[in-house]
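A.B. asks: Construct all of the structure, not just a fragment, from the sequences and the given hints.
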Amino acid sequence: MGNLNLKINGDHHPVDAPDHWTLLEVLRYRLDLTGSKQGCDKGDCGACTVLVDGKPELACLLLAGASEGREITTIEGLMPAHRAAGGTGADPVQDAFDRAGALQCGFCQPGMMLSTRALLNEEERPSRERIREALSGNLCRCTGYTQIIQAVELAIHETCGEPVEHPAWAPDQAPWGDAVSTVPGRKGTGSSDTTQGEQA
Amino acid sequence: MKDFEYIQPDSIATATELLAEGDAAWSNVSRRAIAGGQDLFGELKTGIVEVDSLVDLKATGADNTIAVDPSGNLRIGALVKLTDVAELAERGPVASLLAAAALSVASPQIRSQATLGGNLCQRPRCLYYRRPEAICLKKGGDECFAYGGHNKYNAILGGGPSFIVHPSDLAPALVALDAKVTIAGAGGATRELPLADLYTLPSEGDVTRETVLTPSEVLTQVETQLPLVDRMAGTWRSSWQKFRERDGFDFALSAVAMCLRVADRRIVDARVVLGGVAPRPWRSAEAEAALIGQELATHGSAEFDALAVAAGEAALTGAEPLDHNGYKIPLTKGLVRRALQELSR
Ligand SMILES: Cc1cc2nc3c(=O)[nH]c(=O)nc-3n(C[C@@H](O)[C@@H](O)[C@H](O)COP(=O)(O)OP(=O)(O)OC[C@H]3O[C@@H](n4cnc5c(N)ncnc54)[C@H](O)[C@@H]3O)c2cc1C
Ligand code: SF4
Ligand code: FES
Ligand code: FES
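If you're matching them up, the sequences are chains U and Z in order.
Those letters in the first sequence? Residues 2 to 201, by the working numbering.
Those letters in the second sequence? Residues 867 to 1211, by the working numbering.
Since the hints were derived computationally from the structure, they do not count as laboratory data.
Some hints here could point you the wrong way.
To be verified - Going by beta-carbon spacing under 7 Å, a handful of chain Z positions derived as facing chain U:
(1) 871
(2) 950
(3) 979
Claimed, not checked - Anything over 10 Å on all C-beta distances counts as not near chain Z; from chain U, calculated:
(4) 67
(5) 116
(6) 145
For clarity, every value in this text was computed on a predicted model and none was experimentally measured.
Ideal placement from N, C-alpha and C gives every residue a C-beta, glycine not left out.
C.D. replies: So, in structure tokens, the structure goes:
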């Protein structure tokens, strides 16, 4: 049953919805995938960001009917995809956002994390400028963005096992002080090492 | 959104036939083309546009490729996504100008859905146009509310009786590259136009429209035609300058697309096209005349300064600001100077 057949987070979802419904409406009001947020509903905020064939797109400006035959990833699919690829725990991006405190109300967070995931799938070590560019379509009215950039750089740092070039955080305030020590072949006692970029 | 039928035709020919069935004056068309939807959904959601059906051009499988000819000019399908234009290798004056203009459009998400054709045919952003309760000239009413109202974002050149600015960033860049467009109509008809002639001023034609397209016509291709190879010596350089109120992403308060052909530091040919200041991409013959024949002096010299002032003054010939947009005059002169500065390196 269903006039539409959508592929979301790897699963096929037959669903009935009127022609004029957006993908965001179908996700939230037919499939109960409410992780994608309805903020402005007109392209300004990025809270509805989903990945379509790997690229970040706005679910509020995309007809459900136009997303048939394409691979849709919502925030609900991030952890399962990470585990299916052999990982443990949550996607490193989700984990980093959590530990860097990159949220207050959390409304922007699913979109932020999906834009970050798309960026990191394309580039292993994006510069801070690239990170800002990639997240420029996701508005946050709470954090002031600093911890969000920190979270992305933390995810990069941990994934690549390398120091970030210009860490955004103050050296002795980093909440992940022991993260560096998990990197094989590096002496690691805290993020101050990271700021100096010392090699073991 | 009001409900509508969503149609996915399998070719441009079918699409134009379908559009022709709803053919009428623009004021009462009930069926419209949609590409990326990044502009049209805004209109449908606020209710300033209502349709019974949408014809999705993306479903036609029409040309969505970019081809580079040996000289460096580009042929781009109207359905190419802006992300792909922004990722053009910055090789040569044509590709780098277009890539810079595309990268300055909206946000990454919007660029991955937005198409080139949709960007060129997008509707105005005038605050009154976008408000359903304001029935101004552009929407068939009999008054321009911006003229005596909130006009910070409106036109300083070519305005009247409507004072919209054309919101597209790709349009001024492509006009500066001598682009022509291919248009498909019902019954297999096609025509070609210089992109500059696609656009009309509110005083010239139908004040409710920005282009000469009929409701059943669609853009299929854009081709740049900058004379990269001819007998005249010299090489082209290009610069895109866009100023926006909010740096994350925003429409242009003013923008300048400039191409200069330089031989032995002398400017032998020029294109200067302004965006964000007029109801259509504003090619300034005056600014081009002020540049051609002059020496492209190094930035910092008195000669450079004189040239930048002269070109800036010339570009704003005839500018008539409204109550709240006088700032666009010095802003645009500043962008002309920045473009020259970049090109004088
Ligand atoms: C938040 C936000 C910020 C934006 N910022 C910018 C910006 O900075 N710069 C900028 O230039 N734009 C900006 N835009 C406008 C953006 O919608 C366009 O840039 C986009 O390229 C439109 O393309 P589309 O394919 O989505 O068009 P659609 O929305 O599908 O179509 C737009 C219009 O063109 C018509 N149309 C579409 N394709 C064709 C065709 N091939 N032939 C004839 N008619 C056609 C449609 O019927 C419709 O009327 C912004 C939009 C939003 C929502
Ligand atoms: S500038 Fe044009 S769109 Fe804006 S109020 Fe005047 S007539 Fe309407
Ligand atoms: S809800 Fe889609 S951009 Fe704001
Ligand atoms: S945490 Fe509240 S909007 Fe970003």
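A.B. asks: So, for every hint listed, does it hold in this structure?
C.D. replies: Checked hints:
1. Among the interface hints, the one on residue 871(Z) holds; its C-beta lies about 6 Å from the nearest C-beta in chain U, closer than the 7 Å criterion.
2. For residue 950(Z), the suggested interface contact is broken, since its CB lies about 11 Å from the closest CB of chain U, more than 7 Å.
3. Checking residue 979(Z) against chain U by beta carbon gives a least distance of about 5 Å; that is within 7 Å, so the hint holds.
4. The Cβ of residue 67(U) does not lie farther than 10 Å from every Cβ of chain Z; its closest approach is about 6 Å, which violates its non-interface assignment.
5. Here residue 116(U) does not stay apart from chain Z, with its beta-carbon only about 7 Å from theirs, under the 10 Å limit.
6. Non-interface status of residue 145(U) relative to chain Z is upheld: no Cβ of that chain comes within 10 Å, the nearest being about 13 Å off.
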